[in-house]
Amino acid sequence: MCSPVFDRMLSSDMKEAQERVIEVGVATQHEFEILYALLMPGAFLTRSVKPSQVESLLRISDYYEVSFIKKACEQKLLSLPATPARLIEASKYGLKRQLARCVKEISPRLALQDLLQVYDHSPELLLAVTFALRGCVTEDCTREGLGRVVAKVKEEKEEDDDDDSRLM
Numbered sequence: 001m002c003s004p005v006f007d008r009m010l011s012s013d014m015k016e017a018q019e020r021v022i023e024v025g026v027a028t029q030h031e032f033e034i035l036y037a038l039l040m041p042g043a044f045l046t047r048s049v050k051p052s053q054v055e056s057l058l059r060i061s062d063y064y065e066v067s068f069i070k071k072a073c074e075q076k077l078l079s080l081p082a083t084p085a086r087l088i089e090a091s092k093y094g095l096k097r098q099l100a101r102c103v104k105e106i107s108p109r110l111a112l113q114d115l116l117q118v119y120d121h122s123p124e125l126l127l128a129v130t131f132a133l134r135g136c137v138t139e140d141c142t143r144e145g146l147g148r149v150v151a152k153v154k155e156e157k158e159e160d161d162d163d164d165s166r167l168m
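full-length UniProt numbering puts the sequence shown at residues 1 to 168.
Hints in this document: simulated from the structure, not taken from any laboratory.
Some hints could be false.
[To be verified] Each computed DSSO-like pair below joins lysine-lysine, with the alpha-carbon atoms no more than 27 Å apart: (1) 76 to 104; (2) 70 to 50; (3) 104 to 70; (4) 70 to 96; (5) 104 to 152; (6) 96 to 152; (7) 70 to 92; (8) 50 to 92; (9) 71 to 96; (10) 96 to 76; (11) 71 to 92; (12) 50 to 71.
Required output: the full structure, derived from the provided sequences and hints.
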């Protein structure tokens, strides 16, 4: 089965397995029908994902762990303009390539209101934007990736401080 979540629901002692019905609370019927159509054998092509469907398909594919749909959504997003909303969306759904692209492309032009939105979503994401503004770009904008950049900057600062103390 293409979704580990569906697989667990339908092959266990859960209500869904006994009734053979899955209640979908994360999407409208129309949104789920779009996802379901993409799950049919031979129906899926990356180009089948339309820009207007990306947001709902990301939400549903993330919830049901349908990774190939999520990857197709990221591929589509990579071809669309980077925006503050797409930066936050990439962070929310763990879209690493889209996240790195958005941080790099939009950091220099973020307004104060955009920065506050980014901060409200994730202080780590604001740190990634700040690093990009300082020219300290990292392709890995995850918490771990940013942690490595912070550690490297601290290490360089300590080395500079040691050099300064030797000069005195």
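(request) Please write out, lowest number first, the hints stated earlier that are contradicted by the structure. (result) When the structure is compared with the hints, none of them turns out to be violated.
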